[in-house]
Structure formats: C-alpha cells, structure tokens
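*Asks:* Residue-level listing of the chains:
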Amino acid sequence: MSNILAIAHKELKGYFASPIGYIVVGFAAILFGQFFLGLLYFFDRSQLQAGSGFQGPQAVNVNEMLIGPLFLNVSVILLFILPLVTMRIYAEEKRSGTIELLLTAPLTDMQIVMGKFIGALILYAAMLGISVIHIGFLFTVGNPEWRPIATGYLGMLLMGGAFLSFGLFISSLTKNQIVAGVITFAVLLMFWIINWTASFAGTTTQAVLNYLSITGHLDDFTKGIVDTTHLVYYVSFIAFSLFLTVRSVDSERWRG
Amino acid sequence: MIEVQHLTKRYGPTTAVDDVSFSVERGEILGFLGPNGAGKTTTMRVLTGYMPPSEGKAIVAGYDVMEQPIEAKRRTGYLPETPPLYPDMTIREYLTFVARIKGVARAQRKARIDSLMERTRIVDLAHRQCGKLSKGYRQRVGLAQAMMQNPEVLILDEPTAGLDPKQIIETRQLIKDLGGDHTVILSTHILPEVSQTCHRVVIINKGRVVAVDTPDNLTARVGGSETMFVQVDAGGADVKTTLQAIPGVTHVTGGDTPGTVASFEVNSETGRDVRRDLAATIVRQGWGLLEMRPLRMSLEEIFLHLTTEEAAHE
Numbered sequence: 289m290s291n292i293l294a295i296a297h298k299e300l301k302g303y304f305a306s307p308i309g310y311i312v313v314g315f316a317a318i319l320f321g322q323f324f325l326g327l328l329y330f331f332d333r334s335q336l337q338a339g340s341g342f343q344g345p346q347a348v349n350v351n352e353m354l355i356g357p358l359f360l361n362v363s364v365i366l367l368f369i370l371p372l373v374t375m376r377i378y379a380e381e382k383r384s385g386t387i388e389l390l391l392t393a394p395l396t397d398m399q400i401v402m403g404k405f406i407g408a409l410i411l412y413a414a415m416l417g418i419s420v421i422h423i424g425f426l427f428t429v430g431n432p433e434w435r436p437i438a439t440g441y442l443g444m445l446l447m448g449g450a451f452l453s454f455g456l457f458i459s460s461l462t463k464n465q466i467v468a469g470v471i472t473f474a475v476l477l478m479f480w481i482i483n484w485t486a487s488f489a490g491t492t493t494q495a496v497l498n499y500l501s502i503t504g505h506l507d508d509f510t511k512g513i514v515d516t517t518h519l520v521y522y523v524s525f526i527a528f529s530l531f532l533t534v535r536s537v538d539s540e541r542w543r544g
Numbered sequence: 002m003i004e005v006q007h008l009t010k011r012y013g014p015t016t017a018v019d020d021v022s023f024s025v026e027r028g029e030i031l032g033f034l035g036p037n038g039a040g041k042t043t044t045m046r047v048l049t050g051y052m053p054p055s056e057g058k059a060i061v062a063g064y065d066v067m068e069q070p071i072e073a074k075r076r077t078g079y080l081p082e083t084p085p086l087y088p089d090m091t092i093r094e095y096l097t098f099v100a101r102i103k104g105v106a107r108a109q110r111k112a113r114i115d116s117l118m119e120r121t122r123i124v125d126l127a128h129r130q131c132g133k134l135s136k137g138y139r140q141r142v143g144l145a146q147a148m149m150q151n152p153e154v155l156i157l158d159e160p161t162a163g164l165d166p167k168q169i170i171e172t173r174q175l176i177k178d179l180g181g182d183h184t185v186i187l188s189t190h191i192l193p194e195v196s197q198t199c200h201r202v203v204i205i206n207k208g209r210v211v212a213v214d215t216p217d218n219l220t221a222r223v224g225g226s227e228t229m230f231v232q233v234d235a236g237g238a239d240v241k242t243t244l245q246a247i248p249g250v251t252h253v254t255g256g257d258t259p260g261t262v263a264s265f266e267v268n269s270e271t272g273r274d275v276r277r278d279l280a281a282t283i284v285r286q287g288w289g290l291l292e293m294r295p296l297r298m299s300l301e302e303i304f305l306h307l308t309t310e311e312a313a314h315e
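Keeping their order, the protein sequence lines are chains A and B. Counting from 289, one number per residue, gives the positions in the first sequence under my numbering. Counting from 2, one number per residue, gives the positions in the second sequence under my numbering.
Calculated directly from the structure, the hints in this document are not laboratory data. Everything numeric in this text was worked out from a predicted model, so none of it was measured. Take these hints with a grain of salt, some might be off.
Unchecked claim - Listed next, with one range per pair, are the computed distances between beta-carbon atoms:
1) A/Gln322 - B/Asp165: 51 to 61 Å
2) A/Asn431 - B/Ile71: 34 to 44 Å
3) A/Thr516 - B/Lys136: 32 to 42 Å
4) A/Gly326 - B/Met67: 30 to 40 Å
5) A/Thr516 - B/Glu68: 34 to 44 Å
6) B/Lys136 - A/Asn361: 41 to 51 Å
7) A/Trp434 - B/Lys58: 53 to 63 Å
8) B/Gly132 - A/Ile421: 47 to 57 Å
9) B/Glu4 - A/Thr492: 53 to 63 Å
10) B/Gln109 - A/Ile481: 27 to 37 Å
11) A/Arg383 - B/Glu292: 50 to 60 Å
12) A/Ala414 - B/Gly132: 18 to 28 Å
What the hints assert, rightly or not - Subject to a maximum C-alpha distance of 27 Å in a straight line, what follows is the list of computed DSSO-like cross-link-like pairs (lysine-lysine):
13) A/Lys301 - B/Lys177
14) A/Lys301 - A/Lys463
15) B/Lys136 - B/Lys177
16) A/Lys463 - B/Lys177
17) B/Lys207 - B/Lys111
18) B/Lys241 - B/Lys207
19) B/Lys136 - A/Lys463
20) B/Lys111 - A/Lys301
21) A/Lys511 - A/Lys382
22) B/Lys167 - B/Lys133
23) B/Lys177 - B/Lys167
24) B/Lys167 - A/Lys382
25) B/Lys167 - B/Lys207
26) A/Lys301 - B/Lys133
27) B/Lys136 - B/Lys111
28) A/Lys382 - A/Lys463
29) A/Lys382 - B/Lys177
30) B/Lys207 - B/Lys58
To be verified - Not the full set, but computed from the structure, chain A residues with beta-carbon under 10 Å of chain B:
31) Lys301
32) Ser306
33) Ser384
34) Leu389
35) Ala393
36) Thr396
37) Leu409
38) Asn431
39) Pro436
40) Thr439
The beta-carbon is built from N, C-alpha and C at its ideal position, and this holds for glycine as well.
The following block holds chain A by itself, in its conformation from the complex:
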C-alpha cells in the first residue's frame, strides 16, 4: 500500500511540477463556470415561465433542471480533457527512461499501475472539486436536495475513473504521447456515441449498445439513483482496463 501511495504521490507532484496540472484544472474551472452560467440563465427563465402559469402549476426543480444537466455537460468536456491527462502517464516514463527505475525497483506491476491510476484520479477529483463552488452557491440562494448531488458526484467520479483507466491502458502501449492521446479520445468518443445508432437496430442489439454507452450510465446517478447495473458497468470497466494495463506492462518486458 505504501508503495502505491508513493507512486500516486509522485504522479500528482508530476502534474503540478509541469504546467499540465494547472492548465487542466484551470480550463476545467473556466468551462464549468460557463456551463453553470448558461444553465442558470435557462433555469431562471423556466422559473419565470412556470410562475406565469403558461406551463401549468408544475414546480421547477433545481436538481433536475440545473444540477443534473450541469453534470451531463461536464461529462462532455471530460472526454476532451482526460485523454490529455492520461496520454503522458506511461509514454513519458518510457521516453525519459525512468520506466527502468520503476521496473527494477522492488514493486509489482500492479502497484505501479494502481499508483498511477490513483494519482490521476486525485487530479481529476481536484478538477471536479471546483464545481463544488458553483453548486455550493445554489445552497445559499435556493434549496436543492443534497442526495442527488452526492450520487451525481459519485457517478462523475466513476465515469472519470473509467476514462482515466482506459487512457492509462492506451498510454502503456506506446512511447508517443500524441498517439496515446488521439487513440484514447477516439475510442472514448466511440463509447459515447455508440448508442446513437441503437434506435435503428433490433431490440437485443439496441440493449447491448445502450449498455455499452459510457455516458448513458451517468443519467441515473444525477437523478439520485444508485443502480447496481451502472455501478457494475463502471467498476468492471475500470477493473478491466487496469488489468489490461498490467498485462501490457508485463508483455512489454517480454517483447523487450
């Protein structure tokens, strides 16, 4: 465990020793703010309309109309940002030769992979943590429910974890950061839009495609529902990616 933490600590330090950590967190903050502002205007107008009685007596819900969509919007920018975080993880170690230090130190491949994953996850959590300011602000002016917010964050953490674990795997395959970044982005995008064609397919295919969609599993979390189907999807996605990463690092040794 202390070995995993040592690696995670080093990774995290690495993000903030170079500009990458600041750029990722900084731009995420700007984008969060922009999304939040847009949704807030939209919510404000809907509230006015509801109040004027055009759409009946239906009350507008801040969780459903503002916080839920905010999470879903943020999930889109993760698709662009997280491959930039993971593309350097292994590629950089291979390029600078520091991989020799890690592979000849008394560490298992599993410890190295877990350490790197946890390091990236903490950076992502810090990035996500910025949105606490926006949502916290709503508590001062309104009365949102905290439970759907908590499950929403859980869902975001799981989905981001899935993105990161997959990016880590791709990074372990190549020495080239750009290649790692592009492949990660392309495949994650594939997983994101995989269910777009679902409506044209047969029922079974439709079910499978919908299940594979990486963002489709987030909806229920933002509504306050923790469905084991979704939990299993994300956790097994992460576990499988990390397993592939360990195998890939191991096979690298054999291939030389």
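Take the given structure of chain A and dock chain B to it, following the hints.
*Replies:* Chain B only, in chain A's frame:
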C-alpha cells in the same frame, strides 16, 4: 552472490545474448567488457529483473530473478545507461521518491539521503531540478539512486560514460570503495577502466562470453611470448646482433633511432626469463643500461585478439 546460467535473450529473430554463464563472488568487482551492441546492457537488464530471459536463469543474492523478483530487486541497485531521472523533480525530491519505493524506513530516509548526497558530492545541488543537471551530475544522482537501500549487489551500466577525467577518477574510486561490502558488476568499453577497478573481467562479444579471468591472467594467457623493452647507450655499436646471440632470445627489433642511445624490443621464448643474461651481456660490453622493463600485452590488444579470434571461428 550472482549466478548466471546459460542465459539467452532473443528479440524476435536476433539473439542479443547467447548462452552466457558466469558467476560473481561476494565483494567482487566484475568488469563487463565488450564493444557496443555486444549484449552487455541486455544481460544487465535481465539481472535486474527489467526483462526476463528467453532461456536460462539468473540468481542474484540467492534469489532467482524470475521466481522471486521482489526479493532479488530489494537487494539490487541498478544504474542504467541513461540515469532514470524525473526532469521536473529536484535532486532531493527525486531521492526521497526513490527511498520510498525502495522501502527505506521513514525514520532513516533523511539521514540516508544526506549521506548519499555527501558521498556522491551533490549536496550543493540538492534543490536543483534534475532536468537542468549536466551529464556528470546526472550520473552521480543515478549512482546515489542505485545505492539507496544499501544493496548487496550493484549493477552499473557504463558508470563513467560522459564524465570528465576528474569525475571519472572520482567515480572509479567510489566504485573501488564499494567493493568488499558490495558485489559490483560494471560494464564498459573503456579498457583501462577494467584493469584499474575490477577484480575479474568477462569479455563479451556478439552475445557470447569470450573470456572470463583476472586482468593479469588475461594478459599472461594471451601474451604467448614475453617481450622486454631495453634502452642502451652503446655509443653506436651493433647492439642488435649482440642481443640476438643471447640464448633464449628469438627476435630483436628497434635500434633505428640516430644517436648513441637506442631502444630495442627483445622477444624471448615463452617461460624463459632472459632478463639476467640480457643485463649481464650489456654491462659486460661496457654499454650503459638505461632502462629495462617487461612489455605486457595491453588489454586493448587482448581484447582485439579475443574478439577477432571469435570472428575468425565463424
């Protein structure tokens, strides 16, 4: 301490290391000598557990590097050809990270890092970023990294490459001091380095071991005949013929320089010591014997001899 048995490593169709066997005793400094691409780095990478062998096995500090890699790695320090430094970390941050992953107890970390920085003379640069260091300093930080957990076995891949002459001498001295407590394998293609620092030499060429011996024995073994260097002040007399007449002398060369002082190389039969006769003859003639010393075949010559011999076999 280190046991290498029938080690073979193939990269696809090419065989980098071919059936290499040797062993190193505790406290010994072993030189690994060979031209570039001979398989030195590959052998070292197998010994450190960086990559598995295709065939054969390696036992380091009593642990098979394939069966019990963690135990073997705990007892091995490794300096790769390019020191594995993180450019964004300062030297102290880097060494602290290394101490953590190598399992140095928290309470001892600071003292250990301080003493290593002292030993490798990098104390003044503790807060300098590794990416901004010169080659010589990178090498020293790499060496401090390798010695971190005070390992029984040290494997150093070209530890003096890229250093200036002063640094080379310092590093060689450091390695010599390590022998005794530590078992050291160092690779190099600089021959004098081997005769200066190593107890034994493994000469490797095209993935095969060509010779394993002490530097002295190698010199004697390949020498064949013995050669003496003689400088005589004979006032222009015909020294060459006189020396050739001494029993046991097979061949005399030199003496071509103008003036009264002439230098000769005297070859004699193997195992026959002609030094006494040589000196007596020169003195009896009334000449001045200015210098007389044995000429041994240098490691360079041995190396070329052995590696070309290998090529001739194929």
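*Asks:* Are the hints correct? Go through all of them and say.
*Replies:* Going through the hints against the structure:
{"no.": "1", "hint": "A/Gln322 - B/Asp165: 51 to 61 Å", "result": "holds, 55 Å"}
{"no.": "2", "hint": "A/Asn431 - B/Ile71: 34 to 44 Å", "result": "violated, 55 Å"}
{"no.": "3", "hint": "A/Thr516 - B/Lys136: 32 to 42 Å", "result": "violated, 57 Å"}
{"no.": "4", "hint": "A/Gly326 - B/Met67: 30 to 40 Å", "result": "violated, 58 Å"}
{"no.": "5", "hint": "A/Thr516 - B/Glu68: 34 to 44 Å", "result": "holds, 41 Å"}
{"no.": "6", "hint": "B/Lys136 - A/Asn361: 41 to 51 Å", "result": "holds, 50 Å"}
{"no.": "7", "hint": "A/Trp434 - B/Lys58: 53 to 63 Å", "result": "holds, 60 Å"}
{"no.": "8", "hint": "B/Gly132 - A/Ile421: 47 to 57 Å", "result": "violated, 35 Å"}
{"no.": "9", "hint": "B/Glu4 - A/Thr492: 53 to 63 Å", "result": "holds, 59 Å"}
{"no.": "10", "hint": "B/Gln109 - A/Ile481: 27 to 37 Å", "result": "violated, 54 Å"}
{"no.": "11", "hint": "A/Arg383 - B/Glu292: 50 to 60 Å", "result": "holds, 56 Å"}
{"no.": "12", "hint": "A/Ala414 - B/Gly132: 18 to 28 Å", "result": "holds, 25 Å"}
{"no.": "13", "hint": "A/Lys301 - B/Lys177", "result": "violated, 36 Å"}
{"no.": "14", "hint": "A/Lys301 - A/Lys463", "result": "holds, 21 Å"}
{"no.": "15", "hint": "B/Lys136 - B/Lys177", "result": "holds, 21 Å"}
{"no.": "16", "hint": "A/Lys463 - B/Lys177", "result": "violated, 37 Å"}
{"no.": "17", "hint": "B/Lys207 - B/Lys111", "result": "violated, 44 Å"}
{"no.": "18", "hint": "B/Lys241 - B/Lys207", "result": "violated, 43 Å"}
{"no.": "19", "hint": "B/Lys136 - A/Lys463", "result": "holds, 23 Å"}
{"no.": "20", "hint": "B/Lys111 - A/Lys301", "result": "holds, 19 Å"}
{"no.": "21", "hint": "A/Lys511 - A/Lys382", "result": "violated, 42 Å"}
{"no.": "22", "hint": "B/Lys167 - B/Lys133", "result": "holds, 21 Å"}
{"no.": "23", "hint": "B/Lys177 - B/Lys167", "result": "holds, 16 Å"}
{"no.": "24", "hint": "B/Lys167 - A/Lys382", "result": "violated, 32 Å"}
{"no.": "25", "hint": "B/Lys167 - B/Lys207", "result": "violated, 32 Å"}
{"no.": "26", "hint": "A/Lys301 - B/Lys133", "result": "holds, 18 Å"}
{"no.": "27", "hint": "B/Lys136 - B/Lys111", "result": "holds, 25 Å"}
{"no.": "28", "hint": "A/Lys382 - A/Lys463", "result": "holds, 6 Å"}
{"no.": "29", "hint": "A/Lys382 - B/Lys177", "result": "violated, 32 Å"}
{"no.": "30", "hint": "B/Lys207 - B/Lys58", "result": "holds, 19 Å"}
{"no.": "31", "hint": "Lys301", "result": "holds, 7 Å"}
{"no.": "32", "hint": "Ser306", "result": "holds, 6 Å"}
{"no.": "33", "hint": "Ser384", "result": "holds, 7 Å"}
{"no.": "34", "hint": "Leu389", "result": "holds, 4 Å"}
{"no.": "35", "hint": "Ala393", "result": "holds, 5 Å"}
{"no.": "36", "hint": "Thr396", "result": "holds, 7 Å"}
{"no.": "37", "hint": "Leu409", "result": "violated, 19 Å"}
{"no.": "38", "hint": "Asn431", "result": "violated, 46 Å"}
{"no.": "39", "hint": "Pro436", "result": "violated, 40 Å"}
{"no.": "40", "hint": "Thr439", "result": "violated, 36 Å"}
Checked against the numbered hints given earlier, this structure breaks hints 2, 3, 4, 8, 10, 13, 16, 17, 18, 21, 24, 25, 29, 37, 38, 39, 40; the rest are met.
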